[in-house]
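Protein chains in written order, with my numbering: chain A, 988 to 1423; chain B, 988 to 1423.
Take these hints with a grain of salt, some might be off.
In this list, chains with the same sequence are indistinguishable; a pair is considered to hold if it fits within one copy or across any two.
[Unchecked claim] Within a straight-line C-alpha distance of at most 25 Å, the following computed BS3-like cross-link-like pairs (lysine-lysine) qualify: (1) K1230 - K1276; (2) K997 - K1184; (3) K1230 - K1092; (4) K1275 - K1230; (5) K1093 - K1230; (6) K1145 - K991; (7) K1419 - K1311.
Just so you know, the hints here were simulated from the structure itself, not pulled from any lab data.
Protein chains: 2
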Amino acid sequence: MSNKEQLLQKIESKELTVGVIGLGYVGLPLAVCFAAKKVKVLGFDTSYERVSKINSGDNYISDVDDNKLASLVQQERLIATNDFTTLSACNAIFICVPTPLDKFKKPEMSFIENACRQIGRHLQPGTFISLESTTYPTTTEDFVQPIIEEESGLKEGKDFWLAYSPERVDPGNKEYSTTNTPKVLGAVSNDGLEIGKAIYSIAVDEIHTVSSPRIAEMVKILENTYRLVNISLINELALLAGKMDINIWEVIDAAATKPFGFQAFYPGPGVGGHCIPLDPFYLEHIAKKFNFDLSMIHTAGHIDLLMAHRMTVKITSALNRQKKAINGSSILFLGVAYKPDINDERESPALKIMEEVENKGGEVSYHDPFISTVELGTGGRYDSVELSESVLKAADCVVITTNHSEFDAAFIEKNSGLIVDLRNVIEEASDKVYKL
Amino acid sequence: MSNKEQLLQKIESKELTVGVIGLGYVGLPLAVCFAAKKVKVLGFDTSYERVSKINSGDNYISDVDDNKLASLVQQERLIATNDFTTLSACNAIFICVPTPLDKFKKPEMSFIENACRQIGRHLQPGTFISLESTTYPTTTEDFVQPIIEEESGLKEGKDFWLAYSPERVDPGNKEYSTTNTPKVLGAVSNDGLEIGKAIYSIAVDEIHTVSSPRIAEMVKILENTYRLVNISLINELALLAGKMDINIWEVIDAAATKPFGFQAFYPGPGVGGHCIPLDPFYLEHIAKKFNFDLSMIHTAGHIDLLMAHRMTVKITSALNRQKKAINGSSILFLGVAYKPDINDERESPALKIMEEVENKGGEVSYHDPFISTVELGTGGRYDSVELSESVLKAADCVVITTNHSEFDAAFIEKNSGLIVDLRNVIEEASDKVYKL
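The whole structure should be built from the sequences, with the hints applied where relevant.
Structure below.
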C-alpha cells in the first residue's frame, strides 16, 4: 500500500494522530476541533506555561469552551507538549505559529522557520503538513518546502505532502468558529490536496480547494487588506466629517440602508489585533521583490499610522475647551482591548494613545473589564481601575477607546466632566462630549 | 390653513402636481414611479429630443418599461416639456440633472445652478423642492438654497421647503429599482423633512430620514467612494497577482467563501459610468475648502487613471508574444459599455483603451450588442461590427473589455488567434489567452 493510501485509510478510520504547532487563538481551537472528532491530538508549544495549563485542563483562549477542553484533556484526546521529537508520531501536522512584524515592520518569519526545522528533523514518510499562519504568497513553496526537505531529506509529493490553509479565526465571533467557517486549501501537489481535504473535513464543515498554495496565501491577505483599506477609508472620511460638522456615524447608518453594493465599516482610533494591522504588509514585503508598489496598502497604512496621534490631538482639543493642557491633566481611558468584548490588547490603538498622552505629561489611567493590567511601550505599567462615579468625576478627561457592550453610556455621560468618544458610545455630541 | 397643511392635504389626496427636472436615468424612472401612483407629473428637460420622445410615448431609458411609459403618457399622467414657466404649476419639484466633472476634473455645477434659477423664477409659495443629483456635502444649504431664495424672494422653511435625497439608481439592476430601494432624505427644516417624507412615500417603499441635507449628501458619496476604493484596490492587487503568477479571479472566489467581513469586488480595465468615477472627486473638491487631503480617494483615483494605459501595455505584451506591434495590428474590442448588459458607454474604460491603441497606430474595431456607434475623444467614429468567425479570425488581437452575458467564451476562444481577457470571460490563460 502506498504512503498515500495508508494515510487515507487512517483518515477514513480516524486512526491518526494530528499535531498542532502553536497553541494560540488559532492552534488551540483547531486542536480542540480535531480532538472533539475523536482524533488523537498532540499540541506543541514552546511556552511551558501554555503546555502545563492545557495538560491541567485549564483553558486560556476565550473562543474555546472551558469544559470541552477539560474533558478532552481528561480523556487524553488532547495532550500538550514542548517535546518536538514527538512530532514523529504525527500523521498530520498543522503549523499555527505567529507571523508578526519586526520593529521595522518587516515580516518576522523565525517562528515559521523554527517550526519547519523541528518538523523536518522528526518527519516520518507519509505525513501531511499544512501551514495556517498568515504570510506572503509564495511562502509555502519557496520558504517552507525547502527547509523541510533540507532538514528531512524527504521529498514533497512523494514522501510527504505540503499545503497552505489560512486560518479565518475572528476572536469573539459567536456565529462563526473553526468548524463552521469554510476553509480555503491549496496544496503543492494534487495528492496533497486530496489528502488535505480529507483530513480537514474531519474537523471543518466546508473545504474550498484552490489550485495552489500561493492562491490560498493571497486569499487571506486579500480578506484582511480589504478590511484595513476600508477601515482606513472610513477613518479618513470621519476626520473630514468632523471638520465639516457631519456626524459620520449617522452617514454610515444611512448608507447601510442601501441593499446592494455596500458594506458598512465604522471609524475608530485605528486597527488592532494580530491580523489587520499586519497582514497587508506581508504582501507589501513580497511585492517589492516583484518591483511593484502597492499604493493602496501604503496609503491605508499611512492613515492608520497617524490615527493614534490624531486621537491625541482630539484629546488636546477637548481639554483646550476647558482651558486645560494634557500635561498635568488626568486622562481615563475606557477600554484597551482592540475590539469590543474580548480580552486582547495586542496592537491596540488605545495603548498607543496612552503612550503619547503619557509622554506629553498626562496622568494616565484605564478601565477595562476584560484586561486587568497593561504595559506600555514606554515601560509604564497600569492596573485597570474600577468604573465608578468617583473615578469618572476625578478625571479631567474620559476617553472611550473600546465600545465594550457593558459600558453604560448614560452613567459615563452623567458622571464625566469631559468625554472624548472615539466609538460612538455617547449618542449626542455636546459641550462636554467630543466625538470622532 | 398654512402652506404646510395645504400641501400635506394635497399629498394625502394625491391631488398634487410633481415636477421632475432632468429626464435621464434618474429623473425618468422617478417621474414614472410618481405617475404610476396616479400623481400628475410634469417632466422638464432642455433636450427637445427627449421631450418629444416622451410625449410620443417612446422610452429611451432601459430601466423604464416601454409599455408603462407609453400608457402613462397616453393617460396624460406624464407630460414632458421644455417650458420651465410651468414649474409654477408644481407642488413638488425634483432636481435630477447631471453633475459631471469638467475637463480639469472639477465639479460642473452649472446644471444644478440653471435648474435652481428656473425654479426660483417660477416658484409658488408652498412648494417642496428636492435635489437628487450627486454633489458635495453642503451643496443644498450653501449653493442651492441661496440661489432659489435670491431668484424667488421667498424663504426656505416658511414659503418653500428644501431637501436632499440622493438617487441610488443602479442601471441594469433587475432586483432593485427606484420604488424598492430605500431612499435617504435630509431636509433643511423639520417641516421640510415631514413633507418630503410624505411625498416620497407615494413613490418609494422605504424612506430613511437623516438630520440634515449634508448628511444625505455625504451618504451618497460614501457609497460610491467605497466602490471606487475597492475596485481600485482589487485592480492594483490584480496587477501584482499577474506578476506573481496568481490568478486573482480564483483568489476572489475563494475569499468570497468567508461568511463575514468580506465583500467581493472584481478587477477590470477601470471604473466607468456616471457615478463611481465622478462622485468621490466631488468630496475631494469640498475637502480642499476644509484644508483636508483625502489620500485614499486620491490613491484610488490615481490607480484608476492609469488602468487604461496599463491595459494597453497588456495588449502590447500579448502582441509581442507573436512578434507584432500595436502599430499596424488590427485590434478588436468586445464590449464598450462600462458594465455588462447595459447600453451606456459613458466614461467607459474601453473607449480610453481604444483611443490609446488608435493613437499608437492600431487598427481599431469593436463589437457591442447594445451600442451601435461610438465616438472617441480622438474624433474617431466607429460602428459596431458583427461578432462572427471571420471577424474574430481577422483580428490580430481580440480584447474583451466588457463581460456582456451573451458573449460566448468558447466561440471567442476557438476563433481568435490572440485574446486579452480583461473580464475573466475565458476560464484558462494559455499561450493565446492573456488574462488580467
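**Asked** Taking 25 Å as the upper bound on the Cα-Cα distance, should K997 and K1184 be classified as within, between, both, or neither?
**Response** within (14 Å within a copy, 66 Å between copies)
*Can you tell me if K1145 and K991 fall within 25 Å by alpha carbon in one copy, between copies, both or neither?*
within (9 Å within a copy, 82 Å between copies)
One pair to classify: K1230 and K1092, alpha carbons no more than 25 Å apart. Within, between, both, or neither? between (32 Å within a copy, 24 Å between copies)
Problem set entry | Status of K1276 relative to K1230 across identical chains (alpha carbons, at most 25 Å) | between (40 Å within a copy, 10 Å between copies)
Indicate which option fits the pair K1275, K1230 if close means a Cα-Cα distance not exceeding 25 Å: within, between, both or neither.
-> between (37 Å within a copy, 11 Å between copies)
K1419 and K1311: within-copy, between-copy, both or neither at 25 Å Cα
within (13 Å within a copy, 70 Å between copies)
task: Classify it for me, K1093 with K1230: is the Cα-Cα distance of at most 25 Å met within a copy, between copies, both or neither?
output: Intra 35 Å, inter 21 Å, cutoff 25 Å: inter-copy only.
The structure shown violates none of the earlier numbered hints.
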